[in-house]
Amino acid sequence: MDDNMLAQLVDLGFDITVAQLALEQTNGKGLDAAIEFIYSFSEPSKLSSQKSNSNVTPTPTPPSSQQEPSGIRRSNSKNKSTSFEPISPQVTHKVLKTSRKSVKESVDSNVSYEDNDTSLEYNDTDEDYDEDYYQDVDDYEFDIPIHDALPKSNTVIQASDIIHTALKEIEKISSITETTPSAATILLQHFQWNGNKLLERFYEDPERVITQAGIKKINEFHTGKNLSDDCMICGDSLDDSNGCYLSCKHYACKECWANYLRIKIQEGESIGICCLGFKCPNVVPDEFINRVIPENYNKFLERLAQTYVEKNPNMRWCPTPNCGNALKAESQAETTAQCSCGFRICFKCNQESHVPADCAQMKTWKKKCEDDSETANWINVNTQDCPKCQSAIEKNGGCNHMTCKKCKHEFCWVCLGNWIGHNKCNTYNREENSNKSDTKKQLERYLFYFHRYNTHEQSKKFETKLRTDAVNSMIDFQNRKDKRWIDVKYIEQSTEVLIQCRRTLKYTYVFGFYLPDGPEKNLFEYLQNDLERTTEKLSGLLEKMNESNSMDVKEITNLASTKLHHLLSGVEEGFLGH
Amino acid sequence: MNSLPKRIIKETQRLMSEPAPGIVATPATDNLRYFKVTITGPAESPFEKGFFHLELFLTDEYPMSPPKVRFLTKIYHPNIDKLGRICLDILKDKWSPALQIRTVLLSIQALLSAPNPDDPLANDVAEHWKSNEKDAIKKAREWTELYAASSE
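Residue numbers (the working numbering), protein chains in the order written: chain A, 1 to 578; chain B, 1 to 152.
Okay, chain A solo, but in the shape it has when bound (with noise of 0.2 angstroms):
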């Protein structure tokens, strides 16, 4: 029994000594109680909370209250960690590793009063407790962990780490390469901040390198000793306190400079500025700008993770406003990167990733879009009238199945169809049209298409209410059911499915009107059927949120991303093997 305990908690991400030290420590009181042992150590919070509380009921459990969203979208790849399909196992080992390092150091820090506090909390707590933990073993022992469709091989690169990321590369080509800092700035920009290529090809030939990179020459700066000339600029005498110059010797004071290296920035010359002389070639250190015009700093640093992440072909801005975060793709060949903020980008067009469709496809459709929008507007408005008794409705939320709030009739949003015994409507019917003139049935075939796209557009406008709406109903679960966070993140993951099968969903329908008839589209689009029915199902769930339905949650979210999965690849590889 005790060894079972132990590989379960191991599986679960847990080091091995925690975990055998959760067991000794909890007497064998089973799984639960051992891992709310653990959780006592990182969140100590919570256990003097509990201890306080216990039998007032229904406290909010600090923990939960306090946890910010950001701490629990973090905590999400943890999870990950624990998942049947670790997509890139490189990252989840990393993930996991650090994990069980935080969790073992907390433990370690804090086993000698804890030893008290936990047979504490034994003695205070009742029944309720142990009824709770039998029900939560039950879990355990069913429970499906979350998996993801769409691989996440990008990292996220925090606004305020761009510029320390950028700074360290530049000092540490400056110091291989024994150059000033702004000739590696140079060299780097040159080699769009592949630090490898640049080294690699310097100690082939350095000269080369360096002409080439466009670096005319850089020099030390000097400020004036027992300078005979006038500023060349204002004609005021130079001496000791004020003259500034290059080793081109274009000697002007330090105000002169400050002026002219101000426009020279207000310009937007960011990188590379030449000295003021007349054709003067030489580079101006930026050392040099930043003694003579030190206020200048914070827009320098600006500029450079502008230049860091702008020319780095595997960098892209997260296109979010007031984001800020930058997205690095480990190679080239990776097509979309997630950022923190839950923007999925396509690192080719720059535009939100639209798989199954390609940019090509998505160029024409949007062009087309703006095109027929007059059309396209007077038929999509947003609401549609009752089937039955044709009241106007207007959808608030993601889910395609609509009941009626007058008549109580069910119904499919897209298709307008009975929900009862509907299954299909992604297929545009042909037929029905057949007597209609050809650009009609053109542009009816085009509207079927933009509707559905429009209408997964729709749906996903909600996915920032529907990530709050998962948060809060995460911290209300925790406040009103006493439960552990880990307990309620699938809530947070399959919210993260939904939003991914919705926006994959949307585009293809795009990819949809551009596939040809023919046996591979009747299989696209049977896929394309099933996708859509499990993800108005997941939708459906969701919205309906309930402890009694998690299993359901995370079954049909499991479900949903397979066939996500399997549209993916099916699109990708050819649907019919060739």
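No wet-lab data here; the hints were simulated from the structure.
Below 25 angstroms or equal to it, Euclidean Cα-Cα: the simulated PhoX-like pairs (lysine-lysine) are: (1) A:Lys489 with A:Lys563; (2) B:Lys74 with B:Lys36; (3) A:Lys279 with B:Lys92; (4) A:Lys279 with B:Lys10; (5) A:Lys264 with B:Lys6; (6) A:Lys279 with B:Lys68.
Here the structure of chain A is known, so what remains is to put chain B in place on it, guided by the hints.
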């Protein structure tokens, strides 16, 4: 009005005391940043014997920003348009604060000697220059006689 920077005073003094050959630049009495300029057409150019009047204005940013220069006399030249605006790199992105009024005016004089139809401002003139240089030069000479004969 702001007091005139030392540099502008120095430059003006030098322009007056040792003027460049073929160039006369006089500051206006009411605005010492505004100069009336006359450039004599360089010898062996279609602008020979012409007196070309220009205006030159030093902005508050001078010498960090280039002076604003414009031809007032009509001139048939591929790099000067009918409003008198001049296409010259040092008046734009190649400006350096180390340049002066004198160097700018000398550059404009040199531009009259060597028109550059490959980097045109007045497209039709440049086209004319490229397709039939002889005819274009003839027309430039006519314009010089017609519009730039007077030194006033």
